[in-house]
Structures are given as structure tokens and as C-alpha cells.
Amino acid sequence: MNRRDFLAGLCGGLAAGSVLSNRAGAQARRLGMRYVDVTDKAGLAFSHNSGAYGGKLLPETLGSGCAFLDYDGDGWQDILLVNGMDWPGHKRIRSTLRLYRNNRDGTFSDATKSAGLDIELYGMGVAVGDWNNDGFPDVLITCVGQNRLFRNTGKGTFVDVTKSSGLARRRAFSTSALWVDFDRDGFLDLFVCNYVKWAAEHDVFCSRDGKEKFYCTPEAYRGETCWLFHNNGNGTFTDVTATSGVFDTSSKSLGVAMLDIDQDGWPDLFVANDTQPNKLYRNQQDGTFKEIGVGSGLAFSTDGKARAGMGADAADLDGSGRPTVAVTNFDNEMVGLYRPTGPRLYEDAAMRAGIGAASRTTLGFGCLFADVDLDGSLDLLVANGHIDDTVRNIRGNVGHAQPPHLFVNQGNGTFRDSAAEAGREFAQPWVGRGLACGDFDRDGDLDLLLTTNNGPARLFRNDQIDGNRSIRFRLVGTRSNRDGIGATVRIFHGGSSQSRLVKSGSSYLSQSELPVTFGVGRRDLVDRVVVNWPSGRTEEYKGLACGKAYECVEGRGVTAMAP
Amino acid sequence: MSPEAAFTSTARGDRPRVSFRTGEAQYIDERKGVDHRRGCSHDATILEVVIRRSGRRSSPTTGLLIGLVITLAAVVADAWYMTRQISGLQALQTDLAERNRQDSLQLLRIQNDLNLLALAMRDMLDSDEPYPLTAWSAQLERIRVDLDDALRREAEVAVASRTPEQRQYLGDSLAQFWSAMDRMFALARDGREDEARAQIRLSLQARQAGISTMVARLLVENNEAEEDTARRVQAIYDQVQRQVYRFVTATLTTILLTSLYVIHSNRKIFAELATLSEDRRELAQQLIATREATLREISRELHDELGQVLTAIGSMVGRAGRQLPVGSPLQADLLEIREIAQVTLDKVRGLSQTLHPSALEEAGLEATIDWYLSTVKRQTGVAVSYERSGAPRPVDTAVGIHVYRVLQESLSNVARHAGVDRAWVRLRFAPARLELEIEDHGKGIDVESPRRGLGIVGMRERASLLGGAIAFSRPDEGGTLVRLTLPLDDGAVKDDEGQHSAPAPVKHAG
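Those protein sequence lines, which keep their order, are chains C and A. Just so we're aligned, residue 61 is where the first sequence starts under the working numbering, counting upward by one. Just so we're aligned, residue 117 is where the second sequence starts under the working numbering, counting upward by one.
Treat the hints as calculated values from the structure; they're not laboratory data. Heads up, a few of these hints could be off.
[As the list claims (entries may be wrong)] List time: in silico SDA-like cross-link candidates among lysine to any residue, alpha-carbon distance up to 20 Å:
(1) Lys257/C <-> Asp244/A
(2) Lys257/C <-> Arg238/A
(3) Lys365/C <-> Leu221/A
(4) Lys350/C <-> Ala236/A
(5) Lys350/C <-> Tyr247/A
(6) Lys350/C <-> Ser253/A
(7) Lys257/C <-> Ala234/A
(8) Lys257/C <-> Pro246/A
(9) Lys223/C <-> Pro246/A
(10) Lys365/C <-> Arg225/A
(11) Lys257/C <-> Ala236/A
(12) Lys350/C <-> Arg260/A
[What the hints assert, rightly or not] Residues of chain A placed beyond 12 Å of chain C at every Cβ, according to the derived structure:
(13) Leu232
(14) Ala236
(15) Glu272
(16) Ser295
(17) Glu417
[As the list claims (entries may be wrong)] Per label pair, the in silico range of CB-to-CB distance:
(18) Gln344/C <-> Arg238/A: 25 to 35 Å
(19) Gly214/C <-> Leu221/A: 54 to 64 Å
(20) Tyr113/C <-> Arg238/A: 28 to 38 Å
(21) Asp298/A <-> Gly402/C: 26 to 36 Å
(22) Gln345/C <-> Arg238/A: 32 to 42 Å
(23) Leu221/A <-> Gly176/C: 52 to 62 Å
(24) Asn163/C <-> Arg238/A: 45 to 55 Å
Virtual Cβ for every residue (Gly too), placed ideally from N, Cα, C.
From just these sequences and the hints, can you work out the full model?
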């Protein structure tokens, strides 16, 4: 291409881009929902304690996570917020996990103490799963140091079973984690991401000016392998990290998402690494994984660069069953949106989809796909916030606190950032980290929980204004794991279909509710619902009414849940 | 003017005079005499000079063509040269720079893999991991796969300077490394982890370091090759830049020389055109002067000679008739002869006045115009309204004859072409100029038409001859308005006149 062609193409491209942009703007649909900040009204009084005292220790900038879980089994989503703590020798306050029980009236009660979670630890992330299949969700808290596994007694309390389960004496800088039945034996196994080999006593001095200490980048530390613990089904776990093929000491992992890249019913794992290539572990159906990140195109950016991967999520965006992967990255690296292009092949389509440019100046952490406006298309939510509280002095267009992204799916492969449209409170700048969604008020739409670093957690209630409805499913496995994690639910309506994978983890340090939500617009019925259980069983239900939540018990059919 | 009319030009001062008839040119030097047989005097020199000048004038086309050819040749030569240089540059960039870049990328990939190997081996030697050495096998296998792929791609794009020995050494070294690695893992699988770690420390790390050093050396070589290529590319750029300067200089010089030549040629052409125009003007004015002189001569001859003869004949016939008996046939014949002579005499006098109004010399321009206008109705059928204004001033005959001729030509045009039988004549004496307007409301004329008659040309020449101006326009009512404006300086006014007071405007209709 000569210069004239290039200039002509550029001018044409700019002109066409301008026209298309204007046209897209003109045709953009009005957002049919709002996020209302109900944190105070709901009674959430949580503030994250990073322990920062001036020592500029690496973990201070990264925490922490949150989860929606129904810990008491009443069908109402409760909230668990992970907290850090003051560093040894710099004790100022006592800060613990916080468990908020849903009062079923839009408010929550602090049940931390009564639940036995009034524990100080330097927590990072959370993964919720009923690993002992007793019908009550258990909780893993990832920590800087020793991770903690809490078994739900079913009586509103948790018991620390870290030691008895065999997870003790494993100290690391753990981050995101998820429960996955990777061998489909009916028991949830545990995958834990570890960031770098870090300990307060070995902290590295990093500085911009050679005098004042500053937070180090991960290059200053050695990587740490992720862990995979196999659930023995007897209350104990076996470390199968080495034998399963996920062992990799070069990884600096922050986010993990479960997905099924080849629709073989066997869960695969995508791991977002910071300054290292992302990893895609393909389940070889024999208890082992094969890492195919580079070959699949998921490891790097389009220009072959290993980015600072933070959070990740995967979902079927086009009804094909093939998951799209979203990865949040550092500012100036853009959110990665990897669309499937072939068998186990992906391409970063963020720029084309309208997500790349919009996320160029934000540093993303938590991210999740959710149909926020219940129009039948999955949207993408991203929690943003920089790690450097002085970044504004260095880069004028990047702030420490940053507004979240709400990329609303336009239905044509592109997205439009509609955060501002979703509400002034929602679009405020936050130093966002964790992000989870769940229907805490059981009105059928997905509310949002956002944690901030060294700041409060915020609960945003989703208010639909267009009258769209959803259909929700809570899966209960019998032969499969009790939570049905790894099951695929597919609904068919009007010649199109949507699918959801029941999953733990995803986002960043956080976990969304386990029930799956489908937006169906203003439909009254869905034609068919097909559930593929991890056990291999397939069930089909027909003529289910929309605007309701259903409980699907493996092998026993579906029942509408009480409103 | 008839094509048979003779054109005579009088040069200023003592310049020779030339004349020619249509279809033939004859050159007669005034100093050698006047050829009365041809009916005019001649001055050959001007035309001779013009013709000679025309014959000598060289066309600039040849020079321009030469300049164009030189310029085109320079462009073609430069384009050829540029194409060659760009081809060379392309070849350099494709064959050397691009290949070198791709090779370096693969070497960097290999180096990165080797670094990952080093880090993995470091971790394997550390005892802080609770995993057996075999845990690293998958991680190392991934590195191995990537390393093999990088090596294969590197071999495809390896620069030409890479020796077979170097290629062989790299491949062999890596093969030996992986063989040692396999042995190490075999030991680890056998539970001999200490021996395996010793293998890492003693063998694998050293091999990795050696391979890494070699890859680093290859990268340095590539870097040097890149620098060499960059120098060659820069040399080509410099050469092209010099060539561009040379080309621009040559082109500008050619353009400058051509422009100078064109300017020079144009100046010559314009000078010759100016001379030709002046010559033409002189010829035209001389023609007019000659025509007037000829007409005056003929008029005088008619009036003085033939008129006298006819007058004498009339007198003599009258005297003879009176001597014959009244009523005799002979007397009747003589009386008839006398009447014929008288009629002829009147006609001769009229013709004489038409050819050259003697009234101009005798009574001046105003009287001549009065007389002429009184004859127009009778001669042409056109009724003329005449208006005179301003203080009349005596006009020199040499000027007045031209004013008269313009009036005569204009009214003749009205009679012949306008298709109307009415015209208006206005004579205005301004302090320093004389204005004559002849207006009709007929068909009008197109003075810009290339087929316009010689009459208009003649009127213009007369105006120009007197330093005045003549304009042809269309009145609002249609038709033609001829406006002649002449400066009235001392030369145009008779010396013994000028005592006129400003009379009231005179109007009369013919």
C-alpha cells in the first residue's frame, strides 16, 4: 500500500468510522435497567483493610474478593466479603471476613460472628462450593499465607477444616480459586491460583526514584504454580498439581475461569497470568490437563505480548455453546475479549467489539458476563481501579479510582459502554477489585456486588425499567456434584438458544451466585430447557413459564421455586 | 476599399516608402523615382525589412522540443535509476533486514525458552516446593515443544551468513540437552532425586548456559548483520538523495534555460509583432493619406480642368447659338449642346465635391458638413437630423477631411445597411476635443465580426491617425451609434480662427 492509498484508506476509514459511530450511537438501544446503590439501605457496613501502613507490600494493592452464596439454604442469596488485616507489627484495627445474611426484605444482617467467620486473616479471594455434597455451600478463602477451608455445618455456622482436609501447610500468595469437578466423579475439586513467591520477610525493595519504596511489579518476584486439589470424597483432598499437568512455576496467576472449550462436557480451565502468558488447560478426560494457551491464541495479546491478566470470565455469547473469554488487564493493555474462531482457537476481538478502545485507560480486575438488562444477550461488567494511588500525577488521564465498565451487548457482536446510563452511583470511580452478581432480592434480575481496595464494598440493586423478564435455574446434583457445577443449561425459544455453565469462581477473587439466569425479554414461555449434567445425564423440560426461578434436581425433574 | 487599391505607407523622416498591390509586391525606392504607371508612390524598405526579418526569424519550437527531450530523458534516466535503487533496497530489506528480523525474533524466542528452562531448573533445585522433580516434566515439555518449533522456524529463516557448523552445533547442543534432561527425569522417576538434582547442577545448567551463550552470540551476529544492512540501506538512501538533488538541479537548470530561451524568443516575437503592427499602421495611414491626396487631385482636375473646359464649351456654344437665326434647327442643336455641357459641368462639379469637398478648404468643416448633409437626403434618401453644440472652432483641413470621411462613411452605412431612412448627426465642440456622433435605429452592425467591411477599419485608422478614438455602440433604441472623439489642440485648429464666442446650439434637419 502506498502512502496515498494509506492516507485515502485512513481518511476513508476515519470518515466511515465517524459515520458508523454516529449511526451506532443513533441506533443504540436505551438501556432497560438501572443499578441503584443500596449498600447502606441493605445494611452492608464493610470496609476492606489492606493493612497498608506505608511499607508498600505487594498484597496491599490486590485485595479483595466477594461472593453471593446461599449459606443457610433458604433460597435467598447471602453475601460474603473477604477482608485483609494489619501486617504483623503494625496492628491498628481488627478486621475479619464479613458474612451478611439475607433478611429477605432487601436488607442484610451481619452473621459473621454467629457463623464462626469472625476470623482475622489476610484474605484475598473466595470460592463457594458444596464440596462435601451435604446441601450447604462451603467456603474457601484464599489468603496471603495459609488458605482456609470452611465447611458449612448446615446450621448457620462454618467450621475451619483446613487442617483435616489436607490443605494445611500450604503457604502461598493465593488469589482466585474455584471449585470444579474436573474428573466428574461427583465431588468438587479445588483449583487455586497463586500469584508470586512473596512473603513479608522477603519483600523486595522497589522504587521509582531509588529512595522511596514503592509497590513492585510482578517481574520482581518468581512465579508460583497454581494448585489443583482432588476431592477424595471423604472430607480430604489430594494435591494433584504435579500429576494433573497444571504444575507451572512460571505462572503468576490472578484469575481463573471454568469453561468447556470443546463442548465435550469435561471442564477446562483458563488462567489469567500477570506479565506471563495466560494458560488454557484442556481437560484430557483422564484426570490430566494439557496446556494449550499459546496454540489456542489465548496466551497473548494480538501483538504477541503477555499482558497483565487480572480477572477472567467465560460464557457462551452467541448461543453456539462455544465460550468467549474475557480477561481484564493493566491500563493501556485493554480488556481482552477472545472470541472462538475454530476448534480450540481464539482471537482477541476486543477492538472490533468496541471494548478495546473503551478500556484502554482503565485497569480492570473483576469481570463477569451477565445479562443485566435481560434482553437475551450477555453483557460484560468490569470493575476498574488502579494499583497506584499516585498514578494521576504520572499519567493525567488515568486515575486511582476508576468507573466500572458496563459493556452492553448490542446483539451484533459489538458492545457499548453504558455504565453512565446505568446510574450515577454505579458509574462513580471506585478502586474496584472483586465483582460478583446474584439476585439477592429475587426479582429475577442480577444485582451486583463490588469490592474496593482498602475501601467499602458496594451493593447495586438491578432495577428493570423495560419490563424484561428472566428464567432462573438452581441445579441440585444427585449423581453429579450437589451444586451441579459443570452442568450446562440451555434454553430454546423462538428459534434461538442460550446456554449457561454452572460454575464457581470466575471474575477476580470472587464468586457469583450458583443459580443461572437467562434474560428472555418479554417472553412468557421458553420452548425447551436442556440440562447436561456432569454425570453425563441429559434432561429436558418443556413449556416453562418465564419470570420464575426453578429448581432442577438431577433425575427428579424441575419445580418452580416459591416466590 | 477595393482590392485593387494601392496601399502606400509613408515612413517617418527620410525612411523609404513602399507600396504593393494585391497579389503582387513591387519595391521601389523613393530615391529612384515614382512609378506613375502603377498609380502610386512606393517605399519598399519597410516591407522589405519586415519580410527579411520574417525570413530570418527562427522558431522557438525546436529549442523547446530540445528542452523537453532533455527533461524527459532526465526523468526517464532518474526513474530508471530510482527503480534500480529501490529494487536494491527492497532486496536488502527483504533478503537481509526482514529475514534477519525474523531470525532474531526466533532466536529471542529460543533465548526466552532457555531462560524459562533456567528458571525451571532453579526452581527444581530449590527445596521449597513440595513436589517431586517429575512435577516439572509437563512444564519442561511445553518449553521443549515451543523450543523445537522455534528452532524449526529459525532454521527456515536463518540468515545466509549462518554457517552449517553453527546450525549443526545448535541442533546438537539442544539434542544433547534434552537427552540429559530425559536422563535426569529417569533418575527422578526412579526415586533418585538427589542424583537427578546433581545432574541439573552439573550438566543441565551448564549445557543450558552454553546454548544460551551461543544463541546470544547468534543474536549479536544478527545485530551486527542488521547494523551492516542498515549501513548499506543508509548508503543507498544517501545515494538516492544525492541523485534526487542532481536530478532536481538538472531539471531546474533545464527548466531555467528553457524558460530563458522562451522569454528571449517571446521578446523577439513581440518586438517583431510590434514592428509589424507599427508598419501596418503606417501603411494604413499612408493609404488613407494617399487616397485623400488622390481624390483631392482628381477633384481638382475635374473641377479646374474639365470644369473649365465644359464652361468654355458652354460659353462658346452659347455665343455661336446667338449668332444663328432664332428658331433655326442649328440653334436648337447648339442650345441642346450647351444644356448638355451645363448638366455635365454640374455633374463634374458634384463629383468633384464628392471626391473632395473643396468647401472644406474654403468654408471649413462646419460648412462642409452643412453642405454634405443637405445632399444626403437627395442622394441616399436618408433624412438626417443634425445638431451642433459647443463653441465652434475652425478645424484644420487635414483633420476636417477625416471627420468628413467618417461622417460620409457612417451615413453611407446607414443608407446601405441600416434599413432605415432616418439618422441623427451630432457635432459637439468641447474645449479640448471635437465629438461627432452618427446614430441610427436600424439593424445595427457587429463591429467585432471578422467579416466587417473595410469602412469600419478605415474609420478606426482615421481616428487613430488623428490621435482620437472611435466607438461603435448600440443605442437603447437599437441600431448603431458611431462616436468619434478627437483632441483639438493647436495643430488641429486653424491659426487665423479661434475668435468665436460660444453660440447657441444649432439644429436643423436635412
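Structure-based check of each hint:
Of the pairs offered as hints, the one joining Lys257/C and Asp244/A holds, with about 10 Å between alpha carbons and a cut-off of 20 Å not exceeded. Pair hint Lys257/C plus Arg238/A holds up; C-alpha atoms about 14 Å apart against a cutoff of 20 Å. Our distance criterion of 20 Å between C-alpha atoms is met by Lys365/C and Leu221/A, whose separation comes to about 13 Å. Between the alpha carbons of Lys350/C and Ala236/A the distance comes to roughly 18 Å, so the proposed pair stays at or under 20 Å and holds.
With a C-alpha separation of about 19 Å, the suggested pairing of Lys350/C with Tyr247/A holds against the 20 Å cut-off. Straight-line distance between C-alpha atoms of Lys350/C and Ser253/A comes to about 12 Å, which keeps the hinted pair within the 20 Å bound. For a cut-off of 20 Å, the pair hint linking Lys257/C to Ala234/A stands: about 17 Å separates their Cα positions. With a CA separation close to 14 Å, the supplied pair Lys257/C and Pro246/A stays within the 20 Å bound.
Taking the CA atoms of Lys223/C and Pro246/A, the gap is near 17 Å; set against the 20 Å cutoff, the hint holds. Our distance criterion of 20 Å between C-alpha atoms is met by Lys365/C and Arg225/A, whose separation comes to about 12 Å. Between Lys257/C and Ala236/A the CA atoms are separated by roughly 14 Å; this keeps the pair inside 20 Å, and the hint holds. The hinted pair formed by Lys350/C and Arg260/A meets the criterion: a straight-line CA distance of about 14 Å does not exceed 20 Å.
With a closest Cβ-Cβ approach of about 6 Å to chain C, Leu232/A is found to fall inside the 12 Å limit, against its non-interface label. Some Cβ of chain C comes within 12 Å of the Cβ of Ala236/A; the nearest lies about 6 Å off, and the non-interface call is violated. Distance to chain C confirms Glu272/A as a non-interface residue, since its nearest Cβ pair spans about 18 Å, more than 12 Å. Chain C leaves Ser295/A outside its interface by the beta-carbon criterion, the shortest separation being 23 Å against a cut-off of 12 Å.
At roughly 84 Å from the closest C-beta of chain C, the C-beta of Glu417/A stays outside 12 Å, upholding its exclusion from the interface. As the Cβ distance of Gln344/C to Arg238/A is approximately 29 Å, the hint placing it in 25 to 35 Å holds. Checked against the given bound of 54 to 64 Å, the beta carbons of Gly214/C and Leu221/A, roughly 58 Å apart, stay inside it. Separated by about 33 Å at the C-beta atoms, Tyr113/C and Arg238/A satisfy the suggested range of 28 to 38 Å.
For the pair Asp298/A and Gly402/C, the supplied restraint of 26 to 36 Å holds, since their beta-carbon distance comes to about 34 Å. Evaluation of the 32 to 42 Å hint for Gln345/C and Arg238/A yields a pass: the beta carbon distance comes to about 34 Å. Checking the proposed 52 to 62 Å range against Leu221/A and Gly176/C shows it holds: the Cβ atoms sit about 56 Å from each other. Checked against the given bound of 45 to 55 Å, the beta carbons of Asn163/C and Arg238/A, roughly 54 Å apart, stay inside it.
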